[in-house]
Amino acid sequence: MRKMLIDIPWETFRALPLAEKVPYLNQAGCVPYHTLIAQQFDRALLERLGTLANSIRTIAKTRSGTDFLRQLISHKRAMLYFSQPSSRTFLSFYSACQILGMQTGEVRDTSTSSEFKGESCEDSVRTFSSYFDLIIMRSPEKGLAEHMSWVLSNSDRPIPVINAGSGQDQHPTQALLDIYTLQRSFERSGGLRDRTVVMVGDLARGRTVRSLSQLLVNFPNIRQVFVAPPVFQVGQDIQEMLRARGVDFEITSDFHGVLPRADAVYMTRIQDEWDDETHPSRQVDISAYKFGARELKLLRPQAIIMHPLPRRDEIAVEVDHDPRAMYWRQMRNGMWIRAALIALTFGCENRVLDFHRANL
Amino acid sequence: MRKMLIDIPWETFRALPLAEKVPYLNQAGCVPYHTLIAQQFDRALLERLGTLANSIRTIAKTRSGTDFLRQLISHKRAMLYFSQPSSRTFLSFYSACQILGMQTGEVRDTSTSSEFKGESCEDSVRTFSSYFDLIIMRSPEKGLAEHMSWVLSNSDRPIPVINAGSGQDQHPTQALLDIYTLQRSFERSGGLRDRTVVMVGDLARGRTVRSLSQLLVNFPNIRQVFVAPPVFQVGQDIQEMLRARGVDFEITSDFHGVLPRADAVYMTRIQDEWDDETHPSRQVDISAYKFGARELKLLRPQAIIMHPLPRRDEIAVEVDHDPRAMYWRQMRNGMWIRAALIALTFGCENRVLDFHRANL
Amino acid sequence: MRKMLIDIPWETFRALPLAEKVPYLNQAGCVPYHTLIAQQFDRALLERLGTLANSIRTIAKTRSGTDFLRQLISHKRAMLYFSQPSSRTFLSFYSACQILGMQTGEVRDTSTSSEFKGESCEDSVRTFSSYFDLIIMRSPEKGLAEHMSWVLSNSDRPIPVINAGSGQDQHPTQALLDIYTLQRSFERSGGLRDRTVVMVGDLARGRTVRSLSQLLVNFPNIRQVFVAPPVFQVGQDIQEMLRARGVDFEITSDFHGVLPRADAVYMTRIQDEWDDETHPSRQVDISAYKFGARELKLLRPQAIIMHPLPRRDEIAVEVDHDPRAMYWRQMRNGMWIRAALIALTFGCENRVLDFHRANL
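Protein chains in written order, with my numbering: chain A, 86 to 445; chain B, 86 to 445; chain C, 86 to 445.
Each hint should be verified, as a subset may be incorrect.
Identical copies go unnamed one by one, so any copy, or any two together, can satisfy a pair.
[Unchecked claim] No more than 20 Å apart at the CA atoms, straight line, and that leaves these computed lysine to aspartate or glutamate pairs for EDC-like: (1) K375 with D333; (2) K227 with D405; (3) K382 with D339; (4) K382 with D370; (5) K375 with D152; (6) K88 with D208; (7) K375 with D405; (8) K146 with D241; (9) K88 with E226.
Simulated from the structure, these hints should not be mistaken for lab results.
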């Protein structure tokens, strides 16, 4: 039976475990209507998205291709509602929309604006959404994107919502671009399977690592290695999830010990900017969790180095010139995978693939 | 004799009564060149705008229609100069421009920007306008849009100005969307005539109610009912205007008493956020001027509930699901009527109506 | 031998005299790849740019012309990275991009944004640039545009950079629009040669006057007159440059004495807003360096009055209506010359000139 948000009260939906929310968010059980959580993407969907992203970027290499892409959904308009500022995620989505010819409008940083005082967030979003065909929203408020999806699905203007990051909670398109980067990097050497992925840094608080770990479970024989000092190690919930799924994983603080075995090293920033002097994070020597010239020597020739950016000093600038440094391309992959997600959301997958086949 | 802004000194024009300004602002006496005040719109023009808005929204339902609309004035560019922030009015105009294919540029919130220090507002606007073909401007400064219209009409670049709200003064396109919402709501039951329109809330300070009241005078047999506690009642100037025009109206504080007679209820927010504790507004019980489940029961089945938004708690959230709740659609009507106004300003009325007739 | 940024280390390039940087910045020695400094433009290139700007503005007068222009580089996307706010330069570039059909994204005022804390400027710019085909950047940080040009030329995404103003340093497109305004103003009376250009105001700190002076050296027999009180006179470096090039120039504080000989008067603002009471600028009577009704009478009938804007009171508002007041048109010239520069950068010069010849 098809499950729809119009059939379930908000409080009931909100309380569902994530896995049980998925059928309400995907259309016909397979393609996202609203994109809210990484759990909506199984391996088949991730492969499909990656293929679509590859087609779009290939098509975009020619002038006739960019012209084709820019008329795809040029009759649709997207609202970027970023009540939490994030220029990099904003520009990535914004560029994805422009590639597909979508016009955009934006609301940014409502937290500092007196004009929103006294109005509920739901009213603001619903108001602004009334002019658009898609909302891409980022908010420091956990669950706001989820609530808006429910509100809109229950209104006379049920437009789709894409979660572009909600607090420390979910940031599904970051996870999509990480997976896509792994898929692309390994596509000529057997695909994303039988690999060791090493995640390094602030694994306790970084939502990117948490989502990546969850999506990697979909791929066969991926060993996950978590490298951090104990205070920053990945949460018990992730470890239990991996155990329950029978995934091979390893918890360690020995970065140099695991580096020679890595196919991909995913570096992250220690997020201690808000920690005061008494926080345990201040007592830890984090110098052993940085990537520089010495680490380059320990890394296999075919391995890749990833980072969600922005970086501080976890990766030395001289690493940028190494061919294994993948983080700038990873950034750009984000634009293409977001374009693919939007194209899929608006039902343009086949038109893109047909054009690709016919012209290239 | 045709009156033009180039023929009249600024101080003379500024001092004219509103009605005498109209011929200077409208082209050939009938279509706005600059849109500054609600008084520019008589019944014929309001009907014409409503018809044009209906055509545009019907055309926009098909892909070939959106393509047609987006080439209409794609060679023109609009500047949105919003020195007073207002995301909802901004996005509404912005969307209207995009529907017609107009490119836009924007200047927002100059009040906090040091780069404008020492430069007159007129110089700023004239500078920015030099790159565009239309200025849509919102300003906390009363009369700035009027002055800019005069300045530009007397320059070598006499581009049109649309007032998107000036202080507590005029907000003509809000009045247009309110009238358009009434026209649409009653179009299948005889049109906007022989109705009772009930306006509720802060009638003393709300400019939307003042403009609505003035435009309603153009329509036959509209009874206007003003519901508020005495401290918030509509101004003597409006009451005198209504008396002078022979319009049937009523001043009352009995909300429940008039509700069963209403064809339209126009709720507004008590604007007491800037009032201190000693202000008379603080002594008043405003709970009797809210719309909730009880009020729904008193309302006729065919009546409508309007609100200019944002709301605080004047209308309970549960009212949103009632089919008589018109405020979300009212918001969206604003986008269409603004698109119609811009199309009219650039002389595209006949091309739109011809396309509508030929294709639909 | 062709010189390229990929062949020279950053520290070596940075230390080169400006004239020696030029071959690294221009393609094949003649057209800018990156546009960073006024010194990149010799007379031939300035004439070529002026001709191209004239073609673009003529083409833009017809609907078929605007349609032609808007498809020229509609497959390219520009990033406006303005970490120093400047609405007027921003909108001028933004409009230039729109005229050529380029889509744009923007990052503004990063100085106040916490999201950039801890990330290097180079990382921010490189990240954002990864979605775009051109960066137009303005920064309070001297040399940032230069560094980014080098960084990008040495990356796998060597997109061009246009400097839209860097600190008190260089603002090359302002100089281009000033020269273009002089070219246009004198094109029917023999061109930009054998003229007296009078520069007035804060010549010590104003970078516009410094750049203008340097570019004027390219044109035959232009006498440069610098009018300011001694504390605001033009720097010794400029005077030495003029002497070395054998250019006829004059240093004076007698504004009224030189006015009757002027072909162009370039007024500038005294930039004393940041000077405290003890600064020498506070001791000077600047009232003798303003342009009003008396100065209009001293000026030749064919002479022109220029100003980079914004003005404070250096030019009285009543001067605006005099046909010799060129500053509003100068502003607009900026949009056209920037469109020409972008068209040149993307290799569209011949297509524009061909269309002009074929259609007009």
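Q | Within, between, both or neither: K146, D241 at alpha-carbon 20 Å | A | So K146 and D241 pass the 20 Å test across copies only (16 Å; inside, 39 Å).
Q: Please work out whether the CA atoms of K375 and D333 approach to 20 Å or closer within one copy, between two copies, in both situations, or in neither?
A: Neither, since 25 Å and 60 Å both go past 20 Å.
(Q) Please sort K375 with D152 into within, between, both or neither, judging by C-alpha distance up to 20 Å. (A) This pair counts as neither: shortest intra-copy Cα distance 43 Å, inter-copy 52 Å.
Q.
For K382 and D370, with the copy left unspecified, which applies at a CA distance of at most 20 Å: within, between, both, or neither?
A. Neither: 22 Å inside a copy, 67 Å across copies.
Q: Give the relationship of K88 and E226 under a CA distance limit of 20 Å: within one copy only, between copies only, both, or neither.
A: neither (26 Å within a copy, 52 Å between copies)
Q) How do K227 and D405 come out at 20 Å by Cα distance, when the copy is not named: within, between, both, or neither? A) neither (35 Å within a copy, 24 Å between copies)
(Q) My question is about K88 and D208: at a cut-off of 20 Å on alpha-carbon distance, are they close within one copy, between copies, both, or neither? (A) Intra 26 Å, inter 44 Å, cutoff 20 Å: neither.
(Q) Checking an output row: K382 and D339, CA cutoff 20 Å. Within, between, both or neither? (A) For K382 and D339, the Cα distance is within 20 Å only inside one copy (16 Å; across copies 70 Å).
Q.
Within a copy, between copies, both or neither: which one fits K375 and D405 at a CA-CA cutoff of 20 Å?
A. within (14 Å within a copy, 54 Å between copies)
Violated hints, in rising order: 1, 2, 4, 5, 6, 9; the structure is consistent with all others.
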